[in-house]
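With chain A fixed as given, assemble chain B with the ligand onto it according to the hints.
Chain by chain, the residues:
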Amino acid sequence: MKVSPDYYDEIFPFKGEWDMESTCGLKIREVAGKTYVIVTELYQDNPGTSVTYAGRKLADQICAAKNLKLEDIIYLECTPNTNSKLSFYDEEYFQVDFFADMQHKYRQLTKEEVMKILNYNEN
Amino acid sequence: MGESEGRSEQVIQDWKNGCLKKIYNYIGNQPDIASVGPCRRDLYKRDLYNHKGVQMVDLFNASRGCRFSCYPCAVSYLGGRKFRPRPVDKVVEDMAGIDNNRLFIVDNSLAQDKQWEMDLFRAIAPLKKKWISHTIEDDPEVLDLAAKAGAWYVYQAVYDTSDYIKERVKRYHDYGIGVEGTILFGLDNQTEDDIKRLIDFLGEIDLDLAEFTIFAPFPHTKGHDDLLRQGRIFDFDWDHYNAGQVVYQPKHMTPEKLQDLYEYAWKSFYASESQEAKMFRLFCNVALREMEEGTYRPRDRRLANKSFGRDVDRSKRNVNVRTESQKLIVKNAE
Ligand code: SF4
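Listed in order, the protein sequences are those of chains A and B.
First residue of the first sequence: 0, per numbering that gives the first Met the number 0; consecutive thereafter.
First residue of the second sequence: 0, per numbering that gives the first Met the number 0; consecutive thereafter.
Only chain A is shown next, with the shape it has when bound in the complex (with noise of 0.2 Å):
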């Protein structure tokens, strides 16, 4: 269950629940305007808490090293693709709202927004 690194750019390093030593996938990008943070789920080699799990712990994170504001991102879970037999791990892409109550807190994507983001070109 190895993921690919074309899901991010860099691994990031954060502390999970209990403050357990965690990593995840992290890509930046602007498009049209808006800053898209899109965390990538690493499995096996995630030694600790999950991007969901962590949640607004992530986020925050993220915006402290990144120097953003949680209000001004949009914030993208990514369960990548990680070859397996199981639909379970197919690839799923969640916008997370976290001022929303539980009922609209994800949203996700179809495979169209997703492309329209990674593939955004400034030119």
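Keep in mind that the hints were calculated from the coordinates and are not lab data.
There's no promise every hint is true.
[Stated by the list, open to error] Cross-link-like lysine to any residue pairs, in silico, SDA-like; alpha carbons within 20 Å at most:
no. : chain 1 : residue 1 : chain 2 : residue 2
1   : B       : 250       : A       : 1
2   : A       : 14        : B       : 218
3   : A       : 1         : B       : 111
Same frame as chain A, but now just chain B with the ligand:
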């Protein structure tokens, strides 16, 4: 929090000095596995772990951690994503000191390091213990060594109706190892028909026991994260996360239907022979092997009317028909 070897001394010292901290956090910081020593089994009140004079198994750890990361399982998070086998000589020393011939090796999966697994089985064989465990490597040499080392029965996941599962169960039986099937219901790839087919299949594969569970989205599993993001968890009361209650919206059926199928599975598997009778059959198998090896201990007559410290209601006698070998065991036991 975390594993306590080498750490509890500090906690006790702090308590003695009146400066106990609220949290001692060692999670993710596991001690050297070689430092795991024998437990203080002399502290057990053994009479309370006894059913009608028969001593219950002692729990034993030969390794910790798990290098796999199965979808519904939090073990690799809690115990670390690295398999940490104890040195074999330490295991033997620890096991030899247990005043009980029947153990449950509670390691998450022994099938993680074949060489260590084989070394372990060779080393513990002379102790003549009989033991239960989770999965053993599916390899004739390993199964043979496990049987010689006293494998009594194993827990084996039955996740589909394939020939592979059927043959896997048969291979254990070929080596004289019993099988308790563990069957998980409610994953997203299961429809109502799949679950019914799986229940029917259990009748074809000659399991010795079966244990059914409903998928519980425990924190720190991918299952939990997926359902959380999809807004499908409707019950966050941890008391209900007992793997027998539905706490989320299944993909292909209502929560009520899944609950019904779970209840039906228990009833149907044990319809022709009760769980107690099937367990008794397994007990007879192990007792016969012990008699052959001269390690059998008759039950403690002092506790014949006690079960886990409570009085036994003798008015509810088990009237199952017993085979000749079972009668022999009962006779020897009494
Ligand atoms: S189910 Fe067993 S093998 Fe899988 S992660 Fe959990 S302990 Fe490891």
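So, going through the hints one by one against the coordinates:
1. 250/B with 1/A: It is violated: about 27 Å lies between the C-alpha atoms, which goes past 20 Å.
2. 14/A with 218/B: holds, 17 Å
3. 1/A with 111/B: Distance of about 18 Å is within 20 Å: holds.
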